[in-house]
Amino acid sequence: MDAIRHLLDASRHALDGALVGVYLHGSVALGDWVPDASDLDVLVVVEDGAAQAAIDVLAVAADEATTLAPTSGVELSVITRDLAERPRTPWPYRLHVATAPAAAPRIVHDTGDGDPDLLMHIAVTRSAGIAVEGPAPRDLFGEIQRAQVLGYLISELEWGLNHGSEKYVVLNACRALAYVRSGAILAKTAGGEWACAHLPGHAAVISRALDEQRRGLTSGTRISAGARDLVTEVTQKLAQAAN
Numbered sequence: 001m002d003a004i005r006h007l008l009d010a011s012r013h014a015l016d017g018a019l020v021g022v023y024l025h026g027s028v029a030l031g032d033w034v035p036d037a038s039d040l041d042v043l044v045v046v047e048d049g050a051a052q053a054a055i056d057v058l059a060v061a062a063d064e065a066t067t068l069a070p071t072s073g074v075e076l077s078v079i080t081r082d083l084a085e086r087p088r089t090p091w092p093y094r095l096h097v098a099t100a101p102a103a104a105p106r107i108v109h110d111t112g113d114g115d116p117d118l119l120m121h122i123a124v125t126r127s128a129g130i131a132v133e134g135p136a137p138r139d140l141f142g143e144i145q146r147a148q149v150l151g152y153l154i155s156e157l158e159w160g161l162n163h164g165s166e167k168y169v170v171l172n173a174c175r176a177l178a179y180v181r182s183g184a185i186l187a188k189t190a191g192g193e194w195a196c197a198h199l200p201g202h203a204a205v206i207s208r209a210l211d212e213q214r215r216g217l218t219s220g221t222r223i224s225a226g227a228r229d230l231v232t233e234v235t236q237k238l239a240q241a242a243n
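Number 214 in the UniProt record's numbering belongs to position 214 of the sequence shown; there are no gaps in the numbering.
Rather than coming from a laboratory, the hints here were simulated on the basis of the structure. Misleading hints may appear alongside valid ones.
[Stated by the list, open to error] Pair by pair, the computed Cβ-Cβ distance ranges are:
(1) P70 to A197: 29 to 39 Å
(2) A100 to N243: 37 to 47 Å
(3) R5 to A53: 16 to 26 Å
(4) R214 to D2: 40 to 50 Å
(5) A184 to P101: 27 to 37 Å
[What the hints assert, rightly or not] Heads up, simulated SDA-like pairs for lysine to any residue below, C-alpha to C-alpha not over 25 Å straight-line:
(6) K237 to R106
(7) K237 to T189
(8) K237 to A190
(9) K237 to H163
(10) K237 to G226
(11) K237 to G164
(12) K237 to P116
(13) K237 to P101
(14) K237 to Q145
(15) K237 to M120
(16) K237 to L140
(17) K237 to S182
(18) K237 to W194
For each residue, glycine too, the CB sits at the ideal point set by N, CA and C.
Sequences and hints are given; from them, build the entire structure.
Here's what the structure looks like:
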């Protein structure tokens, strides 16, 4: 993919010896990529002393990469080798960039609060990430404790009920329950398919979310009672597993 090649070339040129690795995670790594609907999720790892000016070049590269792939945008985070090897709160980062076609990129630097989403980015990268450059994911990224992942999944579902779409929160609930049962981190589609077989009482709402996911559709922010029931049930199971 031209976008990935562009990001790799920019990372090599800007960071030189400070580049540790470039990794794909999210839907493209989990086999759930939907052209024109999915983000391209990228995690760049740099040496601890990498210059900020060199890192910031990747913001421009991410914006340029958006035009080189059939994607809804590029989500790129830059973290240090130290965090990759020893994942921990407050999840510090050196740069976060979110792009979208025909829109100005959102560029964020860490002011000390960190980015809690890095917990899951690192977990997915270690489990299923694609190394475009650098060591194999399991050779670089440290393991995140199950209790931490469960806590994150609970907070993500709570956020989704208040701010997300029905498709988003239903499929995240499905993959969260699959993680509780098997320890596997699944894509949204695979999680939904798994849940259809294991939660027949919620099959209708799950099937609707799966259809929207496969077709690249975006559901509205209204979440049905059936979807809320599913998420409530899964959240309770997550809480029980965490205790």
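Structure-based check of all given hints:
no. : hint                     : verdict
1   : P70 to A197: 29 to 39 Å  : holds (31 Å)
2   : A100 to N243: 37 to 47 Å : holds (40 Å)
3   : R5 to A53: 16 to 26 Å    : holds (23 Å)
4   : R214 to D2: 40 to 50 Å   : violated (25 Å)
5   : A184 to P101: 27 to 37 Å : holds (33 Å)
6   : K237 to R106             : violated (36 Å)
7   : K237 to T189             : holds (21 Å)
8   : K237 to A190             : holds (19 Å)
9   : K237 to H163             : holds (22 Å)
10  : K237 to G226             : holds (17 Å)
11  : K237 to G164             : holds (21 Å)
12  : K237 to P116             : holds (22 Å)
13  : K237 to P101             : violated (39 Å)
14  : K237 to Q145             : holds (18 Å)
15  : K237 to M120             : holds (19 Å)
16  : K237 to L140             : violated (31 Å)
17  : K237 to S182             : holds (13 Å)
18  : K237 to W194             : holds (16 Å)
Going down the numbered hints, you'll see the structure goes against 4, 6, 13, 16, while the others check out.
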